[in-house]
Amino acid sequence: MSILDIDIYQNKMTILPLLTYRNNNIDYNTVSNLLTQLWTILDKYDINVSNKKKIYSVATECLENIYKHSEFIEKEDSVSFQVNLLNNSIEIKSSNPININKILPICERIEFLKGLNNNSIKQLYLHKIKKRGISNKGGAGLGLILMVRKAEGKIDFRTETINKFVSSLVLTINISFT
Amino acid sequence: MKDLRIEGTKYTPEIIFDCTNKHFSISGNSRPENADAFFKEVFNWFEINGEEVMKLDAVGLIIDLEYFNSSSSKQILNILYKLEYLNPNNTVIKWYYDDEDEEILDAGKEFEEVTSLSFEFHKKR
Chain A
1 MSILDIDIYQ NKMTILPLLT YRNNNIDYNT VSNLLTQLWT ILDKYDINVS NKKKIYSVAT
61 ECLENIYKHS EFIEKEDSVS FQVNLLNNSI EIKSSNPINI NKILPICERI EFLKGLNNNS
121 IKQLYLHKIK KRGISNKGGA GLGLILMVRK AEGKIDFRTE TINKFVSSLV LTINISFT
Chain B
1 MKDLRIEGTK YTPEIIFDCT NKHFSISGNS RPENADAFFK EVFNWFEING EEVMKLDAVG
61 LIIDLEYFNS SSSKQILNIL YKLEYLNPNN TVIKWYYDDE DEEILDAGKE FEEVTSLSFE
121 FHKKR
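Each protein sequence line maps, in turn, to chains A and B.
Residue numbering for the first sequence follows the numbering used here, beginning at 1 and increasing consecutively.
Residue numbering for the second sequence follows the numbering used here, beginning at 1 and increasing consecutively.
In isolation and in its complexed conformation, chain B is listed as follows:
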């Protein structure tokens, strides 16, 4: 299985999907010029590695985003839906937010509302 590693930029998130080390994370900022095109690589990775993801006994997806725009929110939700489909019982979303940042916390709570996945909320400071 090939790991997915997309380097972060000022406007696009770092994405790591590493099944070997069971490290899954999306972090940084997400405001790509074309969210559909940017996240395509992630969904291609799921197409190839979906069966492996199904077999994992634990998937802890860290989401540590400073900011994401509306078209990224749709894509992030689609990633959650993929995990909900492939491995619903063993997936935990670890949602990180700054102490004072209610916007990011609320966004995480809303994702929790619209999926059946388990969420953990972690205050950063």
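Chain A with its partners taken away, still in its complex shape:
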């Protein structure tokens, strides 16, 4: 991030890309490196610790979901992760290929979670950490709930067909820091 970039942002540029990753897969070292870079970048802005943790938390769950649940396909840039600075908020955009049999339930789940108020989503989160087992990929299935919760419901999605077996799930998550 150069001084020029920051100047452009301060002069009311709407979107400033902070971090971008595009490839046809992602490994855990890359996940870790992206998160380290993100924390360093966020340190340059006047964002309080709690909001920084919220942004980091959503980015972590988003990247871990991509790492653990993506289908590998031979398509350039089929996996993408981007963090943008907007006026008073951070936007996290991701895209990754998912088996078509799994993508509809995920979309329905996001719609359901978006419809919950703050208290309901908190109660659901607590219920899940108390009751739910760990998946064979090591996730507790809590990531999506946590992402929607931290973003206070500001999460949108769309799907893009890649082939008859796989579609891309494109997420846009907005985390306010005012």
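Keep in mind the hints are simulated off the structure, nothing from the lab.
Ideal placement from N, C-alpha and C gives every residue a C-beta, glycine not left out.
Among the hints, erroneous ones may be present.
Taking lysine to aspartate or glutamate pairs in the EDC-like style, the calculated list, with each CA pair at most 16 Å apart, reads [stated by the list, open to error]:
| id | chain 1 | residue 1 | chain 2 | residue 2 |
| --- | --- | --- | --- | --- |
| 1 | A | K130 | B | E120 |
| 2 | A | K68 | B | E33 |
| 3 | A | K122 | B | E103 |
| 4 | B | K22 | B | D36 |
| 5 | A | K130 | B | E84 |
| 6 | A | K122 | B | E113 |
| 7 | B | K124 | B | D101 |
| 8 | A | K68 | B | D36 |
| 9 | B | K22 | B | D57 |
| 10 | A | K131 | B | E113 |
| 11 | A | K130 | B | D101 |
| 12 | A | K154 | A | E91 |
| 13 | A | K128 | B | E110 |
| 14 | A | K114 | A | E71 |
| 15 | A | K122 | B | E110 |
| 16 | A | K131 | B | E110 |
| 17 | B | K94 | B | E84 |
| 18 | B | K2 | B | E33 |
| 19 | B | K123 | B | E103 |
| 20 | B | K94 | B | E52 |
| 21 | B | K82 | B | D106 |
| 22 | A | K122 | B | D106 |
| 23 | B | K124 | B | E66 |
| 24 | A | K164 | A | E91 |
| 25 | A | K130 | B | E112 |
| 26 | A | K128 | B | E66 |
| 27 | A | K122 | B | E84 |
| 28 | B | K10 | B | E33 |
Reference listing, derived: stretches of chain B covered by chain A, where coverage requires no fewer than 3 residues with Cβ under 8 Å from a Cβ of chain A [stated by the list, open to error]:
| id | stretch |
| --- | --- |
| 29 | 64-73 |
| 30 | 99-112 |
Let chain A serve as the given structure and place chain B on it in line with the hints.
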């Protein structure tokens, strides 16, 4: 009784369960690639040493985490449930948080809500 000592890394917490010196702590960051596999050693330790933990007259578990991901939160809660089962009356959770870090404080309050253990909240600065 063998103590449990897991060294911390940039992404995994330091864990010390030392019955001899009554020092129990989980600190650092917790974002292991596979939380289930990472915390397995802790639950194995409880399997072997559960009876000793039951006999302790005080268990003060320090939790001083900068960050933990959602799959770690499940594992941390399971550790609390273990202590709740083994020694509920003598266990105190000492939850540390940075002054400005409401995220970590709130997470501690939520763990307090879902267990019957005593919690103490300690501001770090």
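Evaluated hints:
1. A:K130 x B:E120: violated, 21 Å
2. A:K68 x B:E33: holds, 9 Å
3. A:K122 x B:E103: It holds: about 13 Å lies between the C-alpha atoms, which stays within 16 Å.
4. B:K22 x B:D36: The hint is violated at about 26 Å.
5. A:K130 x B:E84: holds, 13 Å
6. A:K122 x B:E113: holds, 12 Å
7. B:K124 x B:D101: holds, 10 Å
8. A:K68 x B:D36: holds, 14 Å
9. B:K22 x B:D57: Holds - the C-alpha atoms of B:D57 and B:K22 are around 10 Å apart, at most 16 Å.
10. A:K131 x B:E113: Status holds; Cα separation ~15 Å.
11. A:K130 x B:D101: violated, 24 Å
12. A:K154 x A:E91: holds, 10 Å
13. A:K128 x B:E110: holds, 13 Å
14. A:K114 x A:E71: violated, 25 Å
15. A:K122 x B:E110: Within the cut-off at roughly 9 Å; holds.
16. A:K131 x B:E110: holds, 15 Å
17. B:K94 x B:E84: holds, 14 Å
18. B:K2 x B:E33: Violated, because 26 Å separates the two Cα atoms, which is more than 16 Å.
19. B:K123 x B:E103: holds, 13 Å
20. B:K94 x B:E52: violated, 21 Å
21. B:K82 x B:D106: Roughly 22 Å separates the two Cα atoms, so the pair is violated.
22. A:K122 x B:D106: holds, 11 Å
23. B:K124 x B:E66: holds, 11 Å
24. A:K164 x A:E91: violated, 30 Å
25. A:K130 x B:E112: holds, 12 Å
26. A:K128 x B:E66: Violated, at roughly 22 Å.
27. A:K122 x B:E84: Violated. A:K122 to B:E84 sits at ~23 Å, over the 16 Å cutoff.
28. B:K10 x B:E33: The given pair, whose Cα atoms are some 12 Å apart, holds under the 16 Å limit.
29. 64-73: holds (count 5)
30. 99-112: holds (count 6)
Going down the numbered hints, you'll see the structure goes against 1, 4, 11, 14, 18, 20, 21, 24, 26, 27, while the others check out.
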